[in-house]
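A.B. asks: Given these sequences and hints, build the entire structure.
Chains S and R, in that order, are what the protein sequence lines are. Just so you know, our numbering puts 116 at position 116 of the first sequence, and the rest follows in order with no gaps. Positions in the second sequence are counted from 1; adding 250 to them yields our numbering.
Hints should not be assumed to be uniformly reliable.
[Stated by the list, open to error] With a Cα cut of at most 30 Å, we get these calculated DSS-like pairs of lysine-lysine:
| hint | chain 1 | residue 1 | chain 2 | residue 2 |
| --- | --- | --- | --- | --- |
| 1 | S | K71 | R | K267 |
| 2 | R | K417 | S | K104 |
| 3 | S | K25 | R | K417 |
| 4 | S | K129 | R | K417 |
| 5 | S | K84 | R | K417 |
| 6 | S | K128 | R | K424 |
| 7 | R | K436 | S | K95 |
| 8 | S | K113 | R | K419 |
| 9 | S | K71 | R | K424 |
| 10 | R | K424 | S | K8 |
| 11 | R | K417 | S | K128 |
| 12 | S | K204 | S | K2 |
| 13 | S | K71 | S | K246 |
| 14 | S | K128 | R | K436 |
The set of hints was computed from the structure by calculation and includes no laboratory data. Predicted model, so just to flag it, every value in this text is computed and none were measured.
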Amino acid sequence: MKKLLELKNVSLTYHTLTDEICAVKGLSFNCAEGEFISIIGPSGCGKTTILSLIAGLLEPTSGTIIIDGDKKPSCNNLGYMLQKDQLFPWRTIEKNVFLPLEVKRTNNETNRKFALELLDKYGLGEFKKYYPDQLSGGMRQRVALIRTLVSDPKILLLDEPFSALDSQTRLSVGDDVYKIIKAEQKTAVLVTHDISEAISMSDKIIVLTARPALVKSIFKPNLKGESPLRKRESPEFGKWFEKIWKELHV
Amino acid sequence: MKKEKSFSPQHALYIRKVKRETCLVWVMRVAILVFAISLWELLAQLDVIDTFISSCPSKILLTIKSLWLENNLLYHMSITLYETLVGFLIAVGLGYLIALLLWWSERLRRILEPYIVVLNSLPKIALGPIIIVWCGSGSKAIIFMAVLIGIIVAIITMLNGFLATDKNKILLLKSMGANKFQILFKLVIPGSLPTLISMLKISVGMAWVGSIMGEYLVSRAGLGYLIVYGGQVFKLDLVMASTVVLCVLAALMYALVALLERFIIKYK
Numbered sequence: 001m002k003k004l005l006e007l008k009n010v011s012l013t014y015h016t017l018t019d020e021i022c023a024v025k026g027l028s029f030n031c032a033e034g035e036f037i038s039i040i041g042p043s044g045c046g047k048t049t050i051l052s053l054i055a056g057l058l059e060p061t062s063g064t065i066i067i068d069g070d071k072k073p074s075c076n077n078l079g080y081m082l083q084k085d086q087l088f089p090w091r092t093i094e095k096n097v098f099l100p101l102e103v104k105r106t107n108n109e110t111n112r113k114f115a116l117e118l119l120d121k122y123g124l125g126e127f128k129k130y131y132p133d134q135l136s137g138g139m140r141q142r143v144a145l146i147r148t149l150v151s152d153p154k155i156l157l158l159d160e161p162f163s164a165l166d167s168q169t170r171l172s173v174g175d176d177v178y179k180i181i182k183a184e185q186k187t188a189v190l191v192t193h194d195i196s197e198a199i200s201m202s203d204k205i206i207v208l209t210a211r212p213a214l215v216k217s218i219f220k221p222n223l224k225g226e227s228p229l230r231k232r233e234s235p236e237f238g239k240w241f242e243k244i245w246k247e248l249h250v
Numbered sequence: 251m252k253k254e255k256s257f258s259p260q261h262a263l264y265i266r267k268v269k270r271e272t273c274l275v276w277v278m279r280v281a282i283l284v285f286a287i288s289l290w291e292l293l294a295q296l297d298v299i300d301t302f303i304s305s306c307p308s309k310i311l312l313t314i315k316s317l318w319l320e321n322n323l324l325y326h327m328s329i330t331l332y333e334t335l336v337g338f339l340i341a342v343g344l345g346y347l348i349a350l351l352l353w354w355s356e357r358l359r360r361i362l363e364p365y366i367v368v369l370n371s372l373p374k375i376a377l378g379p380i381i382i383v384w385c386g387s388g389s390k391a392i393i394f395m396a397v398l399i400g401i402i403v404a405i406i407t408m409l410n411g412f413l414a415t416d417k418n419k420i421l422l423l424k425s426m427g428a429n430k431f432q433i434l435f436k437l438v439i440p441g442s443l444p445t446l447i448s449m450l451k452i453s454v455g456m457a458w459v460g461s462i463m464g465e466y467l468v469s470r471a472g473l474g475y476l477i478v479y480g481g482q483v484f485k486l487d488l489v490m491a492s493t494v495v496l497c498v499l500a501a502l503m504y505a506l507v508a509l510l511e512r513f514i515i516k517y518k
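C.D. replies: Structural data, given as structure tokens:
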């Protein structure tokens, strides 16, 4: 399969007045088209920094990031989903979803129609005139995902998108989001600290070391079942959990 | 989620309880006013208090009436109102623009910070003599005073509102490739509307302080002038009457801003 995302020997150093922090040092991994990968590691190891690097919000100190053969990260290929839904409370649901179109100056009839179709398709059509405060946490997170999908990005970057939800909602929204991403045939990079979330959702799990972040090991769980909830029921699930748990705590 | 729904009898009871409570609050509000005015009038009529020093409601009303009949009241009111409104609009508009500039450039913000801090703690009334020398003793000086008193608070309130914009929302817009203008117009300005409303509410008060202070210092007309003049010639009826009119005007202006709030903030 074609490599859609490739990190080669990427390093990043932060400067503060009193210190110089090496957040990422010589990080390399890649992600094939249509693949769902998870990045997991001890807290504070710079997982979010890696997403910011891929999104082009931070410039690597050295190394290269290649997205779809292009050496310069461009916002047109990427959709970023953050921890909280970050919907704008003064905009209605449809206006929130149109936001990337406005920013990228592609707010035309066709694209708006596409956005509304996505809302309809994933059961949010009847809420398009509502304000975010009128929706539940899970629905808001789904709107946030659709907002990243409207500009038709190649790669979705998910920064612990379920961590603000309670554990019940978390499972079902995780399931929803996974299905939507698969249905839209997107490549996704998920950052999480939840081992079972990583196992149930991803084709490939990248375990990082503590700072400076390096790839410690890569797992490919390959569990049976077409959705995260089904995969959680698989007998090997527990074995994988133990394996990754040990890897993280060695 | 909002949906049409039929309610139980308990709900009607609950609504009635809430309404009764609101009703009670209003009755008490009015009762306090009526009680205070009646007591004042009664004590004055019984000669317990000296109306030469404390005036009384009936005399205040008579003074307002005679001012009105002499066609003076409207004149003084319009002068003060004009000074206050112009001072308010300039302070708010200029304050908003300066706050925007300071949000835009962190360097400018750092450079100007000590000046703003000093200007904020300086009692602006101390600049009275300078203002008179520069602007003369007309409306111009009073408006200048009103702007001076209002603008610093307007800048500081608005700047804090702009700076309180959620960092993650900025990150989100940047990840979509937004430039600084887009961040400003799509996020910072609409997101700080509630701050704008509270800034307007504070500025209404500041503008009145400014215009009345200004009139105390230099004027030949206006409600502040009437109050000072009344105090100097010991006509407490005039002082009280002007103060009552002032109260009503200030309350009306505040109500206008509160009404504006309902139009602007539609969500929630």
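A.B. asks: Each hint: holds or not?
C.D. replies: Here's how the hints hold up against the structure:
1. K71/S - K267/R: Judged against 30 Å, a Cα distance of about 67 Å means the pair is violated.
2. K417/R - K104/S: holds (20 Å)
3. K25/S - K417/R: holds (26 Å)
4. K129/S - K417/R: holds (26 Å)
5. K84/S - K417/R: holds (12 Å)
6. K128/S - K424/R: holds (24 Å)
7. K436/R - K95/S: Holds, at about 11 Å.
8. K113/S - K419/R: Holds. K113/S to K419/R sits at ~25 Å (cutoff 30 Å).
9. K71/S - K424/R: holds (19 Å)
10. K424/R - K8/S: holds (24 Å)
11. K417/R - K128/S: holds (26 Å)
12. K204/S - K2/S: With Cα atoms ~15 Å apart, K204/S and K2/S stay inside 30 Å; holds.
13. K71/S - K246/S: violated (36 Å)
14. K128/S - K436/R: Between K128/S and K436/R the Cα gap is close to 19 Å, so the pair holds against 30 Å.
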